[in-house]
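S.K.: Okay, here's what each chain looks like letter by letter:
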Amino acid sequence: QSVLTQPPSVSAAPGQKVTISCSGSSSNIGNNYVSWFQQLPGTAPKLLIYENNKRPSGIPDRFSGSKSGTSATLGITGLQTGDEADYYCGTWDSSLSAEVFGGGTKLTVL
Amino acid sequence: QITLKESGPTLVKPTQTLTLTCSFSGFSLSTSGVGVGWIRQPPGKALEWLALIYWDDDKRYSPSLKSRLTITKDTSKNQVVLTMANMDPVDTATYYCAHRVSTAVTFDYWGQGTLVTVSS
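Chains as they are written, first to last, in my numbering: chain A, 880 to 989; chain B, 11 to 130.
If you are wondering where the hints come from, they were derived from the structure by calculation, not from laboratory data. A couple of the hints might just be wrong.
Here are the computed lysine to aspartate or glutamate pairs in the EDC-like style, where the Cα-Cα straight-line distance is at most 16 Å [to be verified]:
1) K933/A <-> D118/B
2) K896/A <-> E963/A
3) K925/A <-> D972/A
4) K83/B <-> D68/B
5) K925/A <-> D118/B
6) K55/B <-> D965/A
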């Protein structure tokens with residue numbers, strides 16, 4: 880069981896918007912930066928969002944991140960079939976002294 | 011640009027010790043703030059963080075696996091080595107190494123991963 884809680888799956892139509900939630904506690908999300916990773920089928924995870932809402936160079940602004948209290952959210956607008964992937968949130972847990980990840984959310988673009 | 015690549019055995023027997031090497035380029039582990047971590051992913055399951063080593067040799071381990079893990083670095087060879095003792099079939103997974111910068115507190119570059127199967 881993961882320290883961070885994500886919905887197992889979300890779906891939406893091409894062109895629409897979807898959000899993926901990540902719930903934690905004060906020892907992790909509440910007091911540390913959150914990252915989001917995209918894992919396309921058969922590939923390594925790729926950083927999408929860091930420091931809650933910053934995008935690395937090359938990541939389109941269709942991807943956004945936010946954090947409030949002990950929860951974080953990844954938003955994806957203008958959905959494309961190429962966005963079908965597993966998405967993971969991650970952060971440092973100060974109580975565990977460990978990096979923790981969510982259980983992952985599978986995005987289906989219908 | 012930053013690249014990382016994992017190498018090691020694809021098959022290990024139960025109770026054996028796994029040794030994985032992360033070879034990287036595009037950065038130096040002697041640069042302040044830089045680190046390399048290991049993360050694994052069992053087939054069809056979520057990511058699990060294993061260990062992290064920083065430029066100053068500060069080492070962090072997953073609490074649940076700490077007794078079995080050792081992480082070291084060879085700055086001159088641009089390599090980080092992870093050993094995991096007493097392997098079990100439940101340790102079957104793809105093992106990734108990744109670059110980390112302490113200021114951004116994230117894994118920004120990942121290797122392609124290497125699948126390790128534990129079976130007799």
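S.K.: Now tell me if each hint is right for this structure.
M.R.: Hint check results:
1. K933/A <-> D118/B: 12 Å, holds
2. K896/A <-> E963/A: 13 Å, holds
3. K925/A <-> D972/A: Measuring from Cα to Cα gives roughly 21 Å; hence the hint is violated.
4. K83/B <-> D68/B: 11 Å, holds
5. K925/A <-> D118/B: Measuring from Cα to Cα gives roughly 7 Å; hence the hint holds.
6. K55/B <-> D965/A: 10 Å, holds
Going down the numbered hints, you'll see the structure goes against just number 3.
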